[in-house]
Amino acid sequence: MLKVENVSAGYQDVSIIENISFQVKEGELFGILGPNGSGKTTLLKVISGVIPRSEGTIILDNKPLSSYSPKRLAQKVAVLPQMTTHAFDYTVKETVSLGRYPFQKGLFKQWTNQDEEIVQEIMKQTSISHLANKSLHEISGGEKQRVFLAQALAQQPKLLLLDEPTNHLDISHQKNLLDTLKWWSKSCGLTVVSIFHDLNLASLYCDRILLLSNGKVKALDQPNHVVEEEVIKQVYEATIKKQPHPELPRPQVMLSPSEQKEEFLIRKEDINVTKEMISLSTNVPLKTLSSAVIGAGFGWYKTFVNRHVSKDYHCDDVEKEMTQFLIDHQFHPKETVGMMTAAKLEDVAIEEIKEDKLSIVVVVTAGVSNAVDASKSYAHELHFHAGTINTWIFINGSLTDEAYIQAIMTATEAKTKAMHDEKIMDKVTKTIATGTSTDSILVAATQHGENIPYAGTITKLGKMIAKGVYECTIEAIQTYKKRWDIHD
Amino acid sequence: MRNISIQRSSRINRTIAYLFVTTFFVLSLLVGVSIGTLHIPISSILDVFSHALFQTELSEKTEPMMMNIVLDIRLPRVLLAGLVGASLALAGAAFQGLLQNPLADPYTLGISSGASLGAVFVLFFGIRLPIFGFMTLPLISILTGFLTILSVIIFSRFVERSMKMETIILTGIIMSSFLGSIISLMIALTGEELRQIINWLLGSVSMRGWEYISLFLPFFIVGTLMLLLQGNELNALSFGEEKAHYLGVDVRRKKLSILIAASILTGAAVAVSGTIGFVGLVIPHLNRLIWGPDHRDLLPLSLIFGAGFLILADLVARTIISPTELPIGVITALIGAPIFAFILVRQRIERRG
Chain F
4 MLKVENVSAG YQDVSIIENI SFQVKEGELF GILGPNGSGK TTLLKVISGV IPRSEGTIIL
64 DNKPLSSYSP KRLAQKVAVL PQMTTHAFDY TVKETVSLGR YPFQKGLFKQ WTNQDEEIVQ
124 EIMKQTSISH LANKSLHEIS GGEKQRVFLA QALAQQPKLL LLDEPTNHLD ISHQKNLLDT
184 LKWWSKSCGL TVVSIFHDLN LASLYCDRIL LLSNGKVKAL DQPNHVVEEE VIKQVYEATI
244 KKQPHPELPR PQVMLSPSEQ KEEFLIRKED INVTKEMISL STNVPLKTLS SAVIGAGFGW
304 YKTFVNRHVS KDYHCDDVEK EMTQFLIDHQ FHPKETVGMM TAAKLEDVAI EEIKEDKLSI
364 VVVVTAGVSN AVDASKSYAH ELHFHAGTIN TWIFINGSLT DEAYIQAIMT ATEAKTKAMH
424 DEKIMDKVTK TIATGTSTDS ILVAATQHGE NIPYAGTITK LGKMIAKGVY ECTIEAIQTY
484 KKRWDIHD
Chain Z
724 MRNISIQRSS RINRTIAYLF VTTFFVLSLL VGVSIGTLHI PISSILDVFS HALFQTELSE
784 KTEPMMMNIV LDIRLPRVLL AGLVGASLAL AGAAFQGLLQ NPLADPYTLG ISSGASLGAV
844 FVLFFGIRLP IFGFMTLPLI SILTGFLTIL SVIIFSRFVE RSMKMETIIL TGIIMSSFLG
904 SIISLMIALT GEELRQIINW LLGSVSMRGW EYISLFLPFF IVGTLMLLLQ GNELNALSFG
964 EEKAHYLGVD VRRKKLSILI AASILTGAAV AVSGTIGFVG LVIPHLNRLI WGPDHRDLLP
1024 LSLIFGAGFL ILADLVARTI ISPTELPIGV ITALIGAPIF AFILVRQRIE RRG
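For the protein sequence lines, the chains are F and Z, in the order given.
First residue of the first sequence? That's 4 in my numbering, and the numbers climb one at a time after it.
First residue of the second sequence? That's 724 in my numbering, and the numbers climb one at a time after it.
Only chain F is shown next, with the shape it has when bound in the complex:
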């Protein structure tokens, strides 16, 4: 459809883009990305024929660009700029109708029935029919951009060029516009080449992305290959974190502002134990991975609550009840991780472990009345008891996602070993249990201080976690045994 070969262009003697080559297939949604001043707009204007190129060729639909007359070109290529100025108050319909200009022939440019049908159809597809008689001053920015999109589409182009079409729109209009473009490219074979400002939007919608840097091609591939932390850092000189979209196989990037993080440490003394609950409140949120009732999964939380409930606690909507409990105790449910246990909270085992500058705090409460051997858990029926081992690990360091997961593995292994050493039996299978059926875990880190890439069992952090969890679990179980007077 579009073939750009070794194209250079610029103003006077300064070349803005140099030696650019790429091809766009029919029906493709092709994104052009790059920092300000990288030559995106210049490239687009060269393709649309507004700026002459100094070198190279552009082939459009198998014919060189220069062989098209202005009208012929407008029948093939339409352009939607960032913003279109309008000095006068045209109606929406008049504006869209102007898109038929390249098709009107003769001295008097007769408006045909076909022109009328096309305009009506396109206004319907871009859902602006209801605005047809409104003037451009009366409609919102988002609607205006849709009107100019309709104008461009009324040219019935094979190729649509867009310069940051969503720049001034709110997210619903952004989505709306890009969905429309995607639809046109997939179902009508419209080829779309669009400049994007927003890496995430480009990653979501584009089939391929051309990344420009200082007027040269830096990368040209599928979004997942172009949007790489290293590449983006080089081109944009900004630190980003790449993550997959939660629902789609598309990369998304997160900016990290270069603000100064507040220095603080979590100490053993910060853990507050009462009969009703064990809690920790921090000034700054901690990045937390947990299986708690409230605030499970990854998130940033400032308060951590392990609440005592009676052995026969029963509730249909545990989450709602727990949320109410937090509110009643002046905790913000959106900033809190909440667990529950039937174990006596006074029997908690708390340990602080330090090595060099790295330190962790481990908190374990244990009730083992419904201990389970995971290897034979099929023998158990599904019902929940309140006897639970809750493990909290607070780390004064900065962890990667891998480290979080490894920390959980390490902690689990240490807990299982403690169960083994304390000879806690699964009452159903009469074998040594590996845990209880409702165990919960939490790993929270301050995310500053030492960088910790891994937390496997023999890494520095892994060793500390293993030791802390093992010792605390043993201690908690022993206290539990003493309280209930259980002997081996």
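Heads up, none of these hints are tricks.
Beyond 12 Å from chain Z on every Cβ pair, some chain F residues (computed): (1) S18; (2) N39; (3) G192; (4) S216; (5) V234; (6) F267; (7) L268; (8) V276; (9) S282; (10) W303; (11) H332; (12) E354; (13) I435; (14) T441; (15) G452.
Reference excerpt, derived from the structure (chain F facing chain Z, CB under 10 Å, subset only): (16) P84; (17) T88; (18) A90; (19) T98.
It is worth saying that the hints were derived from the structure and are not from the lab.
Remember, it's a predicted structure, so these values are computed and weren't measured experimentally.
Using N, Cα and C, we set each Cβ at its ideal position, and we do this for glycine too.
Put chain Z on the given structure of chain F with help from the hints.
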């Protein structure tokens, strides 16, 4: 169904628009010929017209003197006013569209200053070319007006090859103030011609006769035809040159032809009647407010409306404190401004409500 009814209603609107402005023009023409020191009844005017055009017999009520007044004095004056009004309004509409600025008028690019300079030059030195006689002034004036727009175009092309509209406007403003200051210089140095020069500058269509009309007509026809065919292009250009390019308009060529056509109209109008202000700015604006900005209709509607408007303005100028005549440029603003203000306010209130 809804869409069809809307289309139909807009077609009816258009018909109403053309009917309205045409009626306005015809009435202005008749009233303009009719009223004066000697009142001539409309029936007699029609009688004279039909006598002049189809050689019908004059009725008894029509005195032969009336025929002379109508054909030799009133009609040429009214027609010239109409032609000038039409040209200025049309040129104004085209300039506003081309420059994407509702505040532009035919004088923005300095053509009027050029044409005025020529005229003032002729008056100042009392030049009278042998063959042309008293037509020397309008001829020189048209010539200097045309030279001005040429130099504006050439200079802005020299500044920037692509001739962006902003460059042309800036060049026009430079040219306009430069030539304006030369005119001021001549006014400052002049003695007895002062009144003549000032009167000319304020604009008038009196005592011109058929010669001026025949001088003006060719420019009028060429300029009007060139512009009326560019309605679509002006629509596209009013969204900006770049957008017009994307829509398939051959921007450079169309821009030049619109610029030249509008300049021909303006230059010729200034040459025959002086710098009559307000018409070129407000008539297009007024029509846009009432009928919408679509240049395919805006251009012809402004043309007809402008003609009627200037005929009425001239009528007021010569009758209001008769026998003294007021400069027509004063009247255009005196009548036009309040009407314009009224319509503007009404529109804004409607939009709010």
